Amino acid sequence: MKIAVCIKRVPDSETRVKIASDGKSIDEAGVKFILNPYDEFAVEEGLRRKEKAGAGEVVVIALGPAAAQETIRTALAMGADRGVLLQTAGVHPDGLETARALAAELKDGGYDLILFGKMAIDDYNHQVGPMVAELLDLACVTTVAHLEIDGNRGTAEREIEGGVEVVEFPLPAVLTTDKGLNEPRYPALKGIMAAKKKPLEVKPVTPGPGALEILALTPPPERQAGKIVGEGAAAVGELVRLLREEAKVL
Amino acid sequence: MSQVLAVLEQRDGALRKVSHEVVTGARRLADALGGGGSSTVDAVILAAGPVRGAEQLGGFGADRVITLTNPAFGRYAPEAYARVLAERATAGGVSYGAVVFAASATGKDLAPRVAARLGRPLVQEITDVSVAGGAVVAVRPVYAGKALLKVRVAGTPAILSLRPNVFTPVQRPKPGTPETAAVDGSAGRVVVNQVKAAPAGTLDVAEAPIVVSGGRGLKEPANFKVLEELAAAFGGRAAVGASRAVVDAGWRPHADQVGQTGKTVSPTLYVAVGVSGAIQHLAGMRTSKVIVAINKDKDAPIFKVADYGIVGDLFEVVPKLTEEIKKLHG
Ligand SMILES: Cc1cc2nc3c(=O)[nH]c(=O)nc-3n(C[C@H](O)[C@H](O)[C@H](O)COP(=O)(O)OP(=O)(O)OC[C@H]3O[C@@H](n4cnc5c(N)ncnc54)[C@H](O)[C@@H]3O)c2cc1C
Ligand SMILES: Nc1ncnc2c1ncn2[C@@H]1O[C@H](COP(=O)(O)O)[C@@H](O)[C@H]1O
Numbered sequence: 001m002k003i004a005v006c007i008k009r010v011p012d013s014e015t016r017v018k019i020a021s022d023g024k025s026i027d028e029a030g031v032k033f034i035l036n037p038y039d040e041f042a043v044e045e046g047l048r049r050k051e052k053a054g055a056g057e058v059v060v061i062a063l064g065p066a067a068a069q070e071t072i073r074t075a076l077a078m079g080a081d082r083g084v085l086l087q088t089a090g091v092h093p094d095g096l097e098t099a100r101a102l103a104a105e106l107k108d109g110g111y112d113l114i115l116f117g118k119m120a121i122d123d124y125n126h127q128v129g130p131m132v133a134e135l136l137d138l139a140c141v142t143t144v145a146h147l148e149i150d151g152n153r154g155t156a157e158r159e160i161e162g163g164v165e166v167v168e169f170p171l172p173a174v175l176t177t178d179k180g181l182n183e184p185r186y187p188a189l190k191g192i193m194a195a196k197k198k199p200l201e202v203k204p205v206t207p208g209p210g211a212l213e214i215l216a217l218t219p220p221p222e223r224q225a226g227k228i229v230g231e232g233a234a235a236v237g238e239l240v241r242l243l244r245e246e247a248k249v250l
Numbered sequence: 001m002s003q004v005l006a007v008l009e010q011r012d013g014a015l016r017k018v019s020h021e022v023v024t025g026a027r028r029l030a031d032a033l034g035g036g037g038s039s040t041v042d043a044v045i046l047a048a049g050p051v052r053g054a055e056q057l058g059g060f061g062a063d064r065v066i067t068l069t070n071p072a073f074g075r076y077a078p079e080a081y082a083r084v085l086a087e088r089a090t091a092g093g094v095s096y097g098a099v100v101f102a103a104s105a106t107g108k109d110l111a112p113r114v115a116a117r118l119g120r121p122l123v124q125e126i127t128d129v130s131v132a133g134g135a136v137v138a139v140r141p142v143y144a145g146k147a148l149l150k151v152r153v154a155g156t157p158a159i160l161s162l163r164p165n166v167f168t169p170v171q172r173p174k175p176g177t178p179e180t181a182a183v184d185g186s187a188g189r190v191v192v193n194q195v196k197a198a199p200a201g202t203l204d205v206a207e208a209p210i211v212v213s214g215g216r217g218l219k220e221p222a223n224f225k226v227l228e229e230l231a232a233a234f235g236g237r238a239a240v241g242a243s244r245a246v247v248d249a250g251w252r253p254h255a256d257q258v259g260q261t262g263k264t265v266s267p268t269l270y271v272a273v274g275v276s277g278a279i280q281h282l283a284g285m286r287t288s289k290v291i292v293a294i295n296k297d298k299d300a301p302i303f304k305v306a307d308y309g310i311v312g313d314l315f316e317v318v319p320k321l322t323e324e325i326k327k328l329h330g
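Residue numbers (the working numbering), protein chains in the order written: chain A, 1 to 250; chain S, 1 to 330.
Worth flagging that the hints you see were computed from the coordinates, not collected in a lab. Since the model is a prediction, treat every value here as computed from it, not as a measurement. Note that CB positions come from ideal geometry on N, CA and C, so glycine has one too. Careful, some of the hints might be misleading.
Partial list, computed: chain A residues near chain S (C-beta under 10 Å) [stated by the list, open to error]:
#, residue
1, 13
2, 21
3, 24
4, 29
5, 165
6, 213
Okay, derived cross-link-like pairs now, DMTMM-like style, lysine to aspartate or glutamate, Cα gap no bigger than 20 Å in a straight line [to be verified]:
#, chain 1, residue 1, chain 2, residue 2
7, S, 326, A, 245
8, S, 196, A, 148
9, S, 289, A, 245
10, S, 298, A, 238
11, S, 196, A, 245
12, A, 248, S, 313
13, S, 298, A, 148
14, A, 24, S, 128
15, A, 227, S, 313
16, A, 227, S, 299
17, S, 150, A, 105
18, A, 248, S, 324
19, A, 227, S, 297
20, A, 198, A, 27
21, S, 327, A, 245
22, S, 304, A, 157
23, S, 150, A, 213
24, S, 289, A, 246
25, A, 52, A, 27
26, S, 320, A, 231
Which chain A residues stay away from chain S? Per the calculated CB distances, all over 10 Å, these [claimed, not checked]:
#, residue
27, 1
28, 53
29, 55
30, 56
31, 66
32, 95
33, 170
34, 200
35, 201
36, 218
37, 224
38, 231
39, 237
40, 243
Go ahead and model the full structure; you've got the sequences and the hints to work with.
Set out below in C-alpha cells:
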C-alpha cells in the first residue's frame, strides 16, 4: 500500500503568541515548532495501514521553510520511509495555494491513500485536505475518527452535531484525521537514529500569490476578569440575579 | 455583486437551526456589499424533498429560498452537494459576491470542496465580516484563539463559513420566495450510509446556546448527573461539555470535549464547573458571550476569563443553581 501523509510544521500549542512588529504575523523568536498534532494521527494511521498490508511505503510531504526538514525527520523517526520538502519562504494564509502545491506533488505518485490532519493548529484553516481531493478528483472523507479498510473499499466514521456519520468510500482516497482515530507512537531512539539516514528530498516551489491579503493579526479582545460573586451556595441567588439583570442571558 | 448565496442545512427533512444564523450573516453581508442599493440573499437547501422550516427563512432576510432536490440528498452527499453548489454559484449569469456556509461538521467539509471547484479562497469559521472598498473582510481566531486574523478577500465570490452561535439570528423580513428544482446525478463515490444519532433532544456542545462544562473537579463520572440536571433545568437549551482531563479518563465522550483538541464553542452562556481553565480549554470557549465559573480554588485560572465566579464546592453550589434556574423556568 502506497501512502502519502501531508504534514505541517506549526508553533507548539503551549507557545505564547507574540505579534510581530508588522502587526500581521507572529514573532517567531523563541517559539518552539512541532509536527502539527492532528498530522501525528495521520502519520500513525499511515504506518498502521502499511504494517497491516505487510508491504508498501509511507511518504511524508511538507510545504514550508527549510526548518520543516526537522518536522519531516520527526515523522521519519516515527517510521515513515521517506520525506519530501516543498521548500518555500513562507506558508500562505490562502489554503488553496498550499493545496495546489501539494496536489502537484501528489498527482503522479500513485498513492492508495493520502492522509491529512483535519486542521493545522496555527492557521485553523480546516481545508487543505478536501481541497487537494477536489483538485485531484479523489474520494474524500474528513475528520475521520474510526476507519476500516478492506481491499479497495473503506468505511469511516466522522462526528457530526449530535451523532456520527458512517461513510463508505473507494480507494484511492484522501482522508483527514481527527483525534481518537489512534494513539500516535513516540519515536524510539532507534527510530530517531534511522531517520537521519532516510531519504529527504528538497524541492523548491513557489506557490501562487493567493487571493487573501492579511490586514492584521491582533490579540483577542481581553476578557476582563469579572467578579467573584461570592462563596458557596449562598452566592447563587446573586449570581442568578446578575445573569438576568446585568448580563441578560436568562 | 451584492448577491449572496447562503448554503443551509437540513437533517431528516427539517431545517437545522444554524441555518438562521447563516441567513442572518448572509443578509448582513449582502447589505454591506449593496451599500444601500439593492442586495439579495438566495438561500439554498439540498434535500430529498420539501424541507420543514424553510418558510421561516424570509423572516431572517432571505429573498429567495431555493430547495434543490434529489433522492440522494436526504443525507449529506459530499461530492454531489459540492458539484451542485459550485454549479449554482456560477450558473445563470448570477455573479455572487459571496457564498456563505455554516462552520458545522457538514459546512466545514463542504466549503473547501466548493471553494476548490471554483478556484476561490476559503475563510473558515469566521466570527465577523464586513466590506471595505467593495471587498469582503473577514475575521477569524487563529493560534488556538490566542490571536485574531483579519483578511481581505480579493475577487468574488468570497467563500466563508460562519462559526456557530456568533451571528445571532435577527428578524429582517424579506419575501423568502420559495422555489424548488429537481437536480440530476448520483450521490458520488462517497456515501453516508448511516447516521448513528445521539439520543433525541441531545444538543451538540458546538451549537447549544448554553453549555455547562465539567472537569476533574466532578471527581467521578457518575457525578456528571449534577451537571445534566443543571442543563435540563434550562429547558432543552443547554448541552453538557467536558474538559480533556475527563474525556481522556473515559468519563465523557470526545464529542463533548471543549478546547483546542475538542470543540470550539461560543454559546451565550458557558458555565465551567470544576474546570481549572487551562490555556487549551480556554482556546475552545473564550469567545462565549458570558462565562460563569464555579471552582473551589479562588486562584484557578478560569476566574481570569469568567464574568461571574463563585468560589465554592460544586456539589453545594450546582444543585442550588439548578433549583434557582428551575424556579425561573417553572
Ligand atoms: C496539546 C494539548 C491539547 C489539549 N487540549 C485540551 C482541550 O481540548 N480541552 C481541555 O479541556 N484540555 C486540553 N488540554 C489539557 C489541559 O492542559 C488541562 O490538562 C485540562 O483542561 C485540565 O482539565 P480539568 O480542568 O478538568 O482538570 P484540573 O486542571 O485538574 O482542574 C480541576 C479543577 O476542579 C476544581 N475542583 C476540584 N474539586 C472541586 C469541587 N468539589 N468543587 C469545585 N471545584 C473543584 C479544582 O480546583 C481544579 O481547578 C490539552 C493539553 C495539551 C498539552
Ligand atoms: N504547509 C503544509 N504542508 C504540508 N501539509 C499541510 C500544510 N498545510 C496544511 N497541511 C495539511 O493539511 C491539513 C489541514 O491544514 P489546514 O487546512 O491548514 O488547517 C494539515 O493537518 C496538514 O495535514
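May I ask which of the numbered hints given earlier this structure violates, with the numbers listed in increasing order?
2, 4, 11, 12, 13, 17, 20, 22, 25, 32, 33, 36, 37, 38, 39, 40
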